[in-house]
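Protein chains in written order, with the numbering used here: chain A, 1 to 462; chain B, 1001 to 1384.
It is worth saying that the hints were derived from the structure and are not from the lab.
Model, not experiment: these values are computed from the prediction.
Virtual Cβ for every residue (Gly too), placed ideally from N, Cα, C.
One or more hints might be untrue.
To be verified - If you want the footprint, here are the derived chain A segments under chain B, 3+ residues with CB under 8 Å: (1) 15-23; (2) 27-37; (3) 231-237; (4) 321-334; (5) 413-422.
One-letter residues, chain by chain:
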Amino acid sequence: MTDITQALAGIVGEAYVSNHPEEAYFYARDPGLMPPHAPDYVVVPKVVEEIQEIVSLANREKIPVVPMGAGLALTGLVIPLKGGIVIDMKRMTRILKVNETGRHAIVEGGTSQGLLKSYLEKHHPRLRHSIPDSPATATIAANVMIHGQGRLTQQYGFNSDMITGLEVVLASGQVSRIGSCALSPDWFSKGAPLPDLTGLFLGWFGATGIITKIGVKLYPKKKLRDVEIFLTDRADLVPDMIYELTHTEMVEDINVFAQPKPMIFKDNHHITLFFTGDTDEELEFKRKTIWHSLDRFIRNKDGGFMGVPPVMKPTLLDMPQRSVSRFADVTKGGGFEYSGPIIMVDKYPACAQKILELAEKYDLGYSGMARIIGRSHAMMYGFAFTFNRADPDMMERTRKALHEVSVFALEAGGIFWKATVDEQRMAMEKMDPVTLGLMKMIKEQMDPNGIMNPGNWEVTEV
Amino acid sequence: MKYADMVHRCFRCGYCKFTSDYTDFNCPAYRKFRFETYSPGGRMWLIRGWLNGDIKNSERFQEILFSCATCANCVEHCVFTFSDDLVNIFIAAREELVADGLIPPPVRDYLKNIHVNGNPYKAPAAERGKWAEGTSMEAYAGQEYLFYVGCVGSYDERAVKIARAVGTLLVKAGLSIGILGEKETCDGNEVRALGEAGLFEQLAAQNIQAFRDLGVKKVITLDPHAFNAFKNDYPGLGGEFEVYHYTQVLAPLIQGGKVPLKECSLKVTYHDPCYLGRHNTEYQAPRSILKAIPGLELAEMERNGENAFCCGGGGGNFFTDILGGGEESPARLRVREALDTGAEIIAVACPQCAKMLEDAVKSEEMDDRLKVMDIAEIVNGCVI
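Isolated chain A, as found in the complex (with noise of 0.2 Å):
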């Protein structure tokens, strides 16, 4: 054992801590397509006091230290460009509390997506969170130092938006509370009316801080819940579509999806629509307020609902839809990933021109899906891509495609959503450079050794 090895064993005890090439190998990666670079340890922590020491260590030392979740943002996030010490979040899964009428649940940093659902469905049932189509094993913390997005964004904004306090471990090892929290026992508010400090460390891939608890709003969940889809291949009245639908103020969430499998699906833009009610009655007034909103492209022949067929409803309806994971093994590859930025909605049809193209260019299986945030305030638009792992050239001409809608999105006006290192550096050499320089002054603040996830937000290096 090294020095470091024995030091880490010290702090979570020698079953928690691996320099073995086993875990080297495995943690080097991420299912998508960015290269491996191996950690020199990897560590699974089970307490705040634990991960303030192995960072406190990494900063005596300058030893880099990431954070991982499940490690699904598929863009390379905790792959240790650096090398050093991952720290697994997994075995810090509690739910420390739940408060039913202030609507909103703390949670351990490694919690996920799928244990906090459970939980609310057994214990709260009136409860619920925005739960992203990741897989159930992502974590919140995760999802929202991403600026995740997730069911219910189209009504409250990106999952970030809905948190009510952090914790957060510094590079030196000092644990802060962000929020109300930093001065109540009650964690009801991430900011507002303080100075809203969550900024310090959201969007920022673990460069500034360890996210180890959150607070989380829960929203109400009704007791019914459907999903209507309206068909139209006319990309250019998209737009408008969703614009008349967020007008209704009635669907939870939305999202257009297009694709060219099934066969049936090819050509069309398909707008789901999920929305809920406690009674038959609130559903089926919420369904003809919704039908109503589109009548005009109706009665323009510019599309329709189809009627979605029971055999369907389960997948759609399934939270988070595992169907989305399923996409890697369209080509019995096991691959897929896709850019997602963050646009404005009136980019839909050049963004749906766009994958079209670049998959008859690379001749690659693809899905585009765009998720609506706000009351279409913005969207995601991910620009999916299925692979064969076991096809080098596959993979290669799916990271090209992928470059290609980097530069395109950067040029429509959109910004990169859980970038990867090079639309990281992308971004910053676009970016206003008095916002670069104050991104810059922060981090040199708040890791001044440079350890934090390096290579992820090398504001100092541009």
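Start from chain A and add chain B according to the hints.
For chain B alone, coordinates are given in the frame of chain A:
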């Protein structure tokens, strides 16, 4: 390696680690070790890395492969079309290691003992039927059913009591049944799971021949592991028999009034054995027996049926102990879950589960609150 063309298809999404409702991580090895490498997805990626020469066979790699309890939770919950083959893939990788002779010593010892002695206990074959002494169980001589007891039921002190309880009950119910005694040999389920395909085929051939020679048509097994081998693997080797786990025979006997039961005021939770449940989808027979006992309250654990959490004994771990002990061992986690139901008894239908959970109850110092009993033992205590 068999399935080499499949290992790259794992996306490592992690659904395989969970229960269907995401209550908890449900892969016993992952739950114990907590590195992703010990999860089904981790194994898939490591096997690929090993096949590609990126990592080498090592003690750690062996521990990762052989700590899999073959409980099939991953098979149940993986979202991909190749899910049915997950456990087979892990076994195929073990086969490669066994072929190279680079395996953990306890695995080597287990396989050697089976090869030399026909059982893992290094016990003489002559003692195989000893468990039945003092019972009315007879040697098989053309009875309707053969009662196959297996290595654990024949030799393990705790399991012998279960074998006696089951045997006694079946005889009392009037079943025409007999045992092989010293002519019985290992069923090979764990031999196959540990990757010694050749030895498994040899054992299967031996059993099939013995059954045929005696004219056996119907087999009742004590152990779900043997049940699995006879039902799913023997037919492909020419061994076509009607195979039942004892609960599948006992349940209709009780329903038919052949085993009259008295009031038994007990609160019981039932632990599904993986090789009866997920591997063979038999969830109801054991429960129907328990529910037939007047006054017995069945309290389900949070993880049950297809979501049951393995005791950690499957895939040969009962013998090799690679999954091992400690506070986070699957068996200890399971008995804590059982205690949460308020039950006073964990009912089992597998001698391996019985032993694993009983040891865990002792380690957790729950002896005064929780008892592990086979279903047959509970029924015996309630027979009029």
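Three or more residues of the region 15-23 of chain A near chain B by CB distance under 8 Å? With 7 residues close enough to chain B, the hint holds.
Residues of the region 231-237 of chain A with Cβ under 8 Å from chain B, three needed, outcome: violated (count 0)
Three residues minimum, CB to CB under 8 Å: does the region 413-422 of chain A make the cut for coverage by chain B? Let me know.
violated (count 0)
Claimed coverage, the region 27-37 of chain A by chain B - three or more beta carbons nearer than 8 Å: holds (count 3)
Count residues of the region 321-334 of chain A with a Cβ under 8 Å from any Cβ of chain B, then say if the count reaches three. holds (count 9)
This entry does not satisfy hints 3, 5, going by the numbered hints stated previously.
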